[in-house]
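A.B. asks: One-letter residues, chain by chain:
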Amino acid sequence: MTSLIKVWEIPGGVHPPENKSQSLQEPLAKLPIAPQLILPLNQHIGNPAKPVVAIGDHVRGGQRIAEADGIFSAHVHAPTSGTISAIDDHLIPHPSGLSAPCITIDTDGKDDWVTLTATDDYHKLERTTLLAKIRDAGVAGLGGAGFPTSVKLNPRANHIIDTLILNGTECEPYITADDMLMQTRADEVVAGTQLLAYLLNNPGRVVIGVEDNKPRAVEALQRAAADTEIQVVSFPTKYPSGGEKQLIQILTGREVPSGQIPASIGVVCQNVGTAVASWRAVRYGEPLVSRVTTVVGEALTRQRNIDVLLGTPIDFILKEHGFDAKKASRLVMGGPMMGFTLPDPQVPLIKTTNCILAPSKKELPPPLPAQACIRCGLCAEACPASLLPQQLYWYAQAEDYEKLEAHSLFDCIECGACSFVCPSHIPLVQYYRAAKGSIRLHEKEREKSDRSRRRFEFRQERIAKVEAEKEAKRLARKQAAEAAKKKLANEKQAGVEAGPVPAPVSDAQTKAGAKQKTPAEQQARLERLLASAQESLKKAQQPLEANEPGQSVTDEQREKQQARIKQAELKVHDAEQKLSDFRAEQGKSAETPAPADSDPVAAAIAKAKAKMDMDPAEKLRANLDSLQQRLAKAEEKAEAARAAGDEKADALAQGVQKLQQKIKDTQTELAELSPSTVAEPSPSGRHEADVAGLAIEKAKAKAAAMATMSADDKLRNQIDSVKARLEKARERLAKAEAEADDNVEAFRTGVEKLSSKLETLEQQANASAD
Amino acid sequence: MLELIVQNPLIASLIALGGLALVFGGILGFAAVRFRIEGDPVVEQIDELLPQTQCGQCGYPGCRPYAQAIANGDAINKCPPGGQSTINALADLLDVEAPTLDEEHGEESAVKTVAYIREDECIGCTKCIQACPVDAILGAAKQMHTVIAEECTGCDLCVEPCPVDCIDMIPVESTLQEWKWQMPPPSEKQAVELIATDRDNPPGGEQAA
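Sequence lines, in order, name chains A and B. With the first sequence counted from 1, adding 5 to any position gets you this note's numbering. With the second sequence counted from 1, adding 1354 to any position gets you this note's numbering.
It should be emphasised that the hints constitute simulated quantities derived from the structure, not laboratory data. You may find that some hints are simply not true.
What the hints assert, rightly or not - Derived DSSO-like pairs (lysine-lysine); straight-line CA-CA distance at most 27 Å:
1) Lys1534(B) to Lys55(A)
2) Lys449(A) to Lys1466(B)
3) Lys491(A) to Lys475(A)
4) Lys1496(B) to Lys453(A)
5) Lys1432(B) to Lys449(A)
6) Lys1466(B) to Lys475(A)
7) Lys470(A) to Lys1481(B)
8) Lys478(A) to Lys1481(B)
9) Lys470(A) to Lys1534(B)
10) Lys115(A) to Lys35(A)
11) Lys1466(B) to Lys441(A)
12) Lys449(A) to Lys1496(B)
13) Lys1481(B) to Lys475(A)
14) Lys441(A) to Lys1481(B)
15) Lys1432(B) to Lys453(A)
16) Lys1481(B) to Lys740(A)
17) Lys1534(B) to Lys453(A)
18) Lys758(A) to Lys1496(B)
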């Protein structure tokens, strides 16, 4: 089918020397397998793949060695059989000259492959299955950008695709890889195109676009596509008509809007090499492990196109083509317009490598030094994106990013046409690339600083909140303390002044009384306090006096000492004050309560005290007794009331019932209590306080006893207690062992610890006894 | 009525103008209350431009307080992490002459750094956590701490309080994702190489001589 399509014009463009014939003299050759293949994990746009093999693993050809990480990523496969010798950072073909993670395979030369699953008729399969096959094969755009193909073939639902364009333009000088592919594998290109069209639901137009400097490729394609709906269009040669946006404009007349993708205007554009790779992935199940690459340049003795395994080191390829390092001016990956200088020939060939250019110094001389811009405007005429390169250059130099964006810097396709025509040899594209990078970096930094700001503000807020909470708590505590103080003071006053206290109130008082010791004890305590304060005062005074003759005391020390003395004095004074106060009070209270021994309050206090001293079981029993007495009384009353026909009879009967209930409760409590040890707290709230008091009393007594004990006694006591604990622990361990408890181990370590402690204590005791 | 106006043109016009003034004054007054903007928009704008390292090298406890201070008339050249580009942006915003960085507050460093805790030496004192203005240090008492490198602003406020000196400020490695093309050298420098005799005497060297 001949061209029925109108060919449109694109603005700008240049005509650099083509230099395409050198590499087309020899037929497409297959390069032997290199002894070592280095496969970068990031040969595509998007996230690097994740390795799924380990060092030392033996892999077969076509085996997946790294898995795509997310949708915008592609698998990596072993191009041939061999052993994984390294997974580490290696120089990659990138203008930065940086290293990135790579998998290195030491090939074994057997080229032993995994079994591939072929598909005879892909029309029988679902679209999703086919897309998965393409994805599994790790196909990424072979034109240069390396965009994962399966993503591009799966446009968003709101993008209706009406045109599929196959890019066989290859407008960049020197490169003939696609030309060679189209000449030798025209059938596969056509089959691949049909597959892609099928995947895109057969869009109305399917076009293969080829520049008219490749007549043989056009001829081969037209022959292959004779009975299909595919149109092979040939159009005038002009650089850069092979750019995706430019090609779309040439073949459809539509312009891709700024900042959008071709799918938004209903077009999908794929490279012819990608079509072949996709076709092979579906038809033969073959992963993308090799590609056609042009090896060209006057520094080589042999210039041709080769079908080469991915990961083959560039220096291996160069050696095969008689590379003369002395003759070469530099080593370029890609073409002379858009390619970049390789930092080192050690780097491997990757999915996007369409050309290796080893030009001589005469062929591609080093760039001439840049001179001032003379505002000739040639660059603006050459720009295929209709930008204003000289303005962009101006703003890029001034780092005026706002202006750059206003002048649509991001629509620049970095084709290099402006630099090519610049009479002042200004490396314009490099300015644009740098400016783009700076803007992206700027954007990133802004995002980061925004995040930092949020984090900082959040932290400030949090700290303020915590402070406020603390303050509130402090305030609450203070208020509570004040309230308690006031209450205590009120009660004391009430206790002293009111004399007889009504029976219900006496409960609180008895509690307070329980805390207070007998007056004699209190006095003793205060005297002790005074004595100790005096002691410390003496101590504080002592060192200063001792130091005085030495004359070595500094002022600071002296001051400190004096402060200490003052403190001690204050304490002594305080203690004295308290003691005298207490004595005075004692005298006062001795007057009043003396005759009141018989009065009900004192009796209640005495009773409560008596209660305190009892153990809980006894207490309960006493309780029970009193309850039974009350019950008997109540029953009597109720009986009398009923006999008299009183209206209170019902209420009284209820009271009797309540009392009976109480007695029952107490009895059960008592029953519960009696088998267990005395120390166990009784469930009743009222008794709990008493028991707590008891425990405190006990602890105090113990502490007092300890204080009076000599060190030896203490030790002996400790040993005894440890012994007892050990005995208990042993019992528990035995029990646990008998029951095969899970915690046997824990018990055992406990026993061990205790026994070791006992041993050390005994040793100490022995030592002190000696 | 008309007669009255004609007879007293001066008073009439005064009343008319006064009335208009009252009406518009009322409208403006209402608008000032109704469409009032919370906070100072200039402070917000200045804060946007500051690098948010929260390092305090300017003498204020964080970027926002410094933004507030600038709005109140403080100098704009006290931010070493932001460097000259931040000063230029601030000068642009405030329409003043861009001064050079005040050396008193520190020097602009070309390399970005992040804090790194040598984890086997960390004693878990939480002092650095309390110092970090952006909560970028993770850890608990008596547990090893570590820096979330992503969130670290490189303010080095955590270095000082560390009792065992186990925090280093290490330069951020440039990765492939962050790599960008460098600007070509200025054209004057390249042009020098055109004339053979100029190659040994670059213009910078001449000035120094």
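A.B. asks: Could you run down the list of hints and mark each one as holding or not?
C.D. replies: Verification of the hints:
1. Lys1534(B) to Lys55(A): Holds, at roughly 24 Å.
2. Lys449(A) to Lys1466(B): Distance ~14 Å between Lys449(A) and Lys1466(B) Cα, so the pair holds.
3. Lys491(A) to Lys475(A): Holds: Lys491(A) and Lys475(A) sit about 24 Å apart, inside 27 Å.
4. Lys1496(B) to Lys453(A): It is violated: about 30 Å lies between the C-alpha atoms, which goes past 27 Å.
5. Lys1432(B) to Lys449(A): holds (23 Å)
6. Lys1466(B) to Lys475(A): violated (38 Å)
7. Lys470(A) to Lys1481(B): holds (20 Å)
8. Lys478(A) to Lys1481(B): Roughly 25 Å separates the two Cα atoms, so the pair holds.
9. Lys470(A) to Lys1534(B): violated (43 Å)
10. Lys115(A) to Lys35(A): holds (16 Å)
11. Lys1466(B) to Lys441(A): holds (20 Å)
12. Lys449(A) to Lys1496(B): Answer violated: Lys449(A) to Lys1496(B) is near 35 Å, above 27 Å.
13. Lys1481(B) to Lys475(A): Satisfied, since the Cα-Cα distance of roughly 20 Å is no more than 27 Å.
14. Lys441(A) to Lys1481(B): Distance of about 41 Å is beyond 27 Å: violated.
15. Lys1432(B) to Lys453(A): The hint holds at about 21 Å.
16. Lys1481(B) to Lys740(A): violated (48 Å)
17. Lys1534(B) to Lys453(A): holds (18 Å)
18. Lys758(A) to Lys1496(B): holds (25 Å)
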